[in-house]
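Undergrad: Based on these hints, arrange chain B on the given structure of chain A.
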Amino acid sequence: MNRPAEKSLLRFLTCGSVDDGKSSLIGRLLYETKMIFDDQFAALKDDSRKVGTRAGDIDFALLVDGLAAEREQGITIDVAYRFFATEKRKFIVADTPGHVQYTRNMVTGASTAELAVILIDARKGVLTQTRRHSYLAALLGIRHIVVAVNKMDLVDYSRDIFTKIERDYREFAHQIKLEAITCIPVSAVAGDNVTSRSRHTPWYGGPSLLEHLESVNLRDPAQGAAFRMPVQWVNRPNAEFRGFAGMIASGVVRRGDALRALPSGRTSTVARVFTAEGEALEAVAGQSVTLTLADEIDVSRGDVLSTADAPPAVANQFEATIIWMHDEPLLQGRAYLLKIGTKTVTATIAPIKYRVNVNTMEHMAAKKLDLNDIGVCGLELNSAIAFESYRDSRVLGGFILIDRLTNNTVGAGLLHFALRRSQNVHWQALDVNKRARAVLSHQQPCILWFTGLSGAGKSTIANLVEKQLHADGRQTYLLDGDNVRHGLNKDLGFTDQDRVENIRRVAEVARLMVDAGLIVLVSFISPFRSERRMARALVEPGEFIEVFVDTPLEQAEARDAKGLYKKARRGELKNFTGIDSPYEVPEDAEIRLDTTTLAPEAAAARVILHLREAGIIDVGYDPGI
Amino acid sequence: MSALDYLQRLEAESIYIFREVVAECEKPAMLYSVGKDSSVMLHLALKAFAPAKPPFPLLQIASGWDFREMLEFRDATAKKFDLELLVHTNEEGVRAGVKPWTHGAAYSDIMLTQALRQALDKYGFDAAFGGGRRDEEKSRAKERVFSFRSAHHRWDPKNQRPELWSLYNARKNRGESIRVFPLSNWTEMDVWQYIHLQQVPIVPLYLAKPRPVVRRDGRLILVDDERLPLGSADRVETLSVRFRTLGCYPLTGATESRADDVPAVIREMLSTKNSEREGRGVDKDGASSLEQKKQEGYF
Numbered sequence: 001m002n003r004p005a006e007k008s009l010l011r012f013l014t015c016g017s018v019d020d021g022k023s024s025l026i027g028r029l030l031y032e033t034k035m036i037f038d039d040q041f042a043a044l045k046d047d048s049r050k051v052g053t054r055a056g057d058i059d060f061a062l063l064v065d066g067l068a069a070e071r072e073q074g075i076t077i078d079v080a081y082r083f084f085a086t087e088k089r090k091f092i093v094a095d096t097p098g099h100v101q102y103t104r105n106m107v108t109g110a111s112t113a114e115l116a117v118i119l120i121d122a123r124k125g126v127l128t129q130t131r132r133h134s135y136l137a138a139l140l141g142i143r144h145i146v147v148a149v150n151k152m153d154l155v156d157y158s159r160d161i162f163t164k165i166e167r168d169y170r171e172f173a174h175q176i177k178l179e180a181i182t183c184i185p186v187s188a189v190a191g192d193n194v195t196s197r198s199r200h201t202p203w204y205g206g207p208s209l210l211e212h213l214e215s216v217n218l219r220d221p222a223q224g225a226a227f228r229m230p231v232q233w234v235n236r237p238n239a240e241f242r243g244f245a246g247m248i249a250s251g252v253v254r255r256g257d258a259l260r261a262l263p264s265g266r267t268s269t270v271a272r273v274f275t276a277e278g279e280a281l282e283a284v285a286g287q288s289v290t291l292t293l294a295d296e297i298d299v300s301r302g303d304v305l306s307t308a309d310a311p312p313a314v315a316n317q318f319e320a321t322i323i324w325m326h327d328e329p330l331l332q333g334r335a336y337l338l339k340i341g342t343k344t345v346t347a348t349i350a351p352i353k354y355r356v357n358v359n360t361m362e363h364m365a366a367k368k369l370d371l372n373d374i375g376v377c378g379l380e381l382n383s384a385i386a387f388e389s390y391r392d393s394r395v396l397g398g399f400i401l402i403d404r405l406t407n408n409t410v411g412a413g414l415l416h417f418a419l420r421r422s423q424n425v426h427w428q429a430l431d432v433n434k435r436a437r438a439v440l441s442h443q444q445p446c447i448l449w450f451t452g453l454s455g456a457g458k459s460t461i462a463n464l465v466e467k468q469l470h471a472d473g474r475q476t477y478l479l480d481g482d483n484v485r486h487g488l489n490k491d492l493g494f495t496d497q498d499r500v501e502n503i504r505r506v507a508e509v510a511r512l513m514v515d516a517g518l519i520v521l522v523s524f525i526s527p528f529r530s531e532r533r534m535a536r537a538l539v540e541p542g543e544f545i546e547v548f549v550d551t552p553l554e555q556a557e558a559r560d561a562k563g564l565y566k567k568a569r570r571g572e573l574k575n576f577t578g579i580d581s582p583y584e585v586p587e588d589a590e591i592r593l594d595t596t597t598l599a600p601e602a603a604a605a606r607v608i609l610h611l612r613e614a615g616i617i618d619v620g621y622d623p624g625i
Numbered sequence: 626m627s628a629l630d631y632l633q634r635l636e637a638e639s640i641y642i643f644r645e646v647v648a649e650c651e652k653p654a655m656l657y658s659v660g661k662d663s664s665v666m667l668h669l670a671l672k673a674f675a676p677a678k679p680p681f682p683l684l685q686i687a688s689g690w691d692f693r694e695m696l697e698f699r700d701a702t703a704k705k706f707d708l709e710l711l712v713h714t715n716e717e718g719v720r721a722g723v724k725p726w727t728h729g730a731a732y733s734d735i736m737l738t739q740a741l742r743q744a745l746d747k748y749g750f751d752a753a754f755g756g757g758r759r760d761e762e763k764s765r766a767k768e769r770v771f772s773f774r775s776a777h778h779r780w781d782p783k784n785q786r787p788e789l790w791s792l793y794n795a796r797k798n799r800g801e802s803i804r805v806f807p808l809s810n811w812t813e814m815d816v817w818q819y820i821h822l823q824q825v826p827i828v829p830l831y832l833a834k835p836r837p838v839v840r841r842d843g844r845l846i847l848v849d850d851e852r853l854p855l856g857s858a859d860r861v862e863t864l865s866v867r868f869r870t871l872g873c874y875p876l877t878g879a880t881e882s883r884a885d886d887v888p889a890v891i892r893e894m895l896s897t898k899n900s901e902r903e904g905r906g907v908d909k910d911g912a913s914s915l916e917q918k919k920q921e922g923y924f
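Top to bottom, those sequences are chains A and B. Under the numbering used here, think of the first position of the first sequence as 1, with each following residue one higher. Under the numbering used here, think of the first position of the second sequence as 626, with each following residue one higher.
Worth flagging that the hints you see were computed from the coordinates, not collected in a lab. In this text, a Cβ means the ideal position worked out from N, Cα and C, and glycines have one as well.
Simulated crosslink set (DSS-like; lysine-lysine; CA at most 27 angstroms straight-line): (1) A:Lys368 x B:Lys783; (2) A:Lys177 x A:Lys164; (3) A:Lys50 x B:Lys783.
Computed footprint of chain B on chain A; a stretch qualifies when at least three of its residues, placed anywhere within it, have a C-beta under 8 angstroms from a C-beta of chain B: (4) 284-297; (5) 407-415.
Negatives, chain A to chain B, calculated, CB over 10 angstroms: (6) Leu127; (7) Tyr204; (8) Ser215.
Just chain A, same shape as in the assembly (with noise of 0.2 angstroms):
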């Protein structure tokens, strides 16, 4: 391919507090390397003038914020994207929110940056904001630091107030281990030191920032690295052809090179090697590629292809960092999709070990993690992945957290280091299985999971179908929720995340007598519809039967065989469900039993019809012969 203008590609985001003149920076660049046309550069004189905050003077930050929303109140909302470009390099900007609630967006802005530019205003120094965003550069990885001290016109480009900034600031970066770190006087505003050296600052004698940008050293350490690539799709246009797609993460493959694919183990070598320009005899990080292999190995997406000899570890349990991104809280025990590479599985969050306070880098106890909150954790993968640390693979150790009810993408995550019991913990494959004892019982082994407020009747009704299940001879067992909370979950309380756990202990209980051959009832409040779901997806489609004993809260209020509505009204006991902590009716249950027109016996005698006509347990069977 023919390139006159070779010219290299820089990533990097603006970050800092609010008002330290971010997008005026961003749009002082965009100006200054002429990506403004004019009919926008109209536009904006027209906009300054009607929401403009520099009292008629060009206002650049109204080029950047480009939502309605942000436009009218003045600040950033949402990371956006922009692109300048100088005769040596080409940039992509992303400009992220400084305010508090925005940190998720800064994070999305990190997460493809390679450098940062965090402002600092010269008038307020080192602010909370500065050290928060700086510790989220160096867990996202970024390497390069420039801090641009801002506003220097205002300080009347005090040399020792700028001296004083850089030295405060260094004390802190050294803390959080960032290392290259350059600082640079400027004013987004009056454009000193952006493009070019101000004559206003004749005692700096480093670059100007854009200089600085172009020049910054961008060796990848992914390049030196070994091979590694997360297949994402296979091509097979014809019986001959089976070849590998997916983004080289690090290294380089070459024709004849002995491959390993994870995590099976299999190996092979390269058959052929294809790049975007066709069929090449090498291949390095970064391109986009398709590799053949000359044995039929069975390789899909998700795996991972490596260099035979050094191939990245497999695990299934972790310690991670969580980034949290949605307003409805991570809780441990819970169970989200993890994509990582190309691969989806499904995590379990273990134990939080701790909440950072980003701000003072301390490490706080903590049982749930709220927007925004950074926390380090244990996962566990239903099965296993290849995976290195996030400190030496952003593709391998970066992954997403997405949950699995609304499809929102709700955290991101950093792999540090797989927990040393996953490895010593396998699966046994064992001889007899659940198949084999569902034979011999003349059952299906199932859950009935009876979910409901306190006192609508499931324990009453349960009891009912347990007692009809047991007359006809089948094996069964009932976990009830006051009993369990007396022995296995005794350490539990009643918060959301202690909720969260009781049901996934239970849950795990049921699965485990699910394969033993059992038909077990279930009986919880189980308020919540994500465990629910949690339930579910641990045993076989058909396997879970949710039965939804509906009955209105007035009328559970009314019988209140317990008097805990009483108790929860005057305020003596908390989170109790329908009160002051939230049931989440179910929207697929497979039985409802309405209990404002049907007696227990009548709702026990429908769920026995429901296992009949599913088949769970067979009609013609009779357990005298």
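TA: Quick look at chain B alone, frame taken from chain A:
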């Protein structure tokens, strides 16, 4: 081997996006508008899936007022690469007699926005590739690569999923669909440089040559067929013009130019003073107007 240059990095990222959609979505399609961005998109898609063909059809929304040369180019391209081409027109709009000069702003809504929604619903596509770029306009600068639309094709800019690293979450709720923008991080100049270096075929309308035009509201409108109403005051001139962006011919202004090959276009761009959307009528009604249109389902 040295590290990749910026066009190689953009190319690799776009190819990655194409493959990710094909791996995770059930029924994708490429919105093929026949413009330069669509040409680059198609070029990248051909690379992404080679030696297989791109496993999705091309979908073109024909307003009935498309440049003739674009339709010829469209058909020739589909034939050359043996790709399935779906063409959809809002027939209700045609029957109602909606024309560019009779319905003002409602025209593009009916013949483009609504037509696109109709087509996506008709074929049940769950993901559609579009050639949108973040450098085009302020609200686009904040749009995700995987941009979700509700069952009513609405975009909710305040409720976008965070997009980190190259991890795209393609999981949809019922009725939702995704617009995917593989060229999100490309600029207009990148597109032209790439067309030049890769010799990507483009519609000849982008290159200057003498063409018959009339002046309308300060714009040069191509007299592409006999349907363009000409008043007694209209004077058809033959000028050397080219188009920087292409839409419906009665709404797209040409610029006088002598740039008759791609290097000349690039040289001209380096000295131009106006943005590319300047030639389009669609988004001139106030600073937030494209954001509003996108919320309503405009691509």
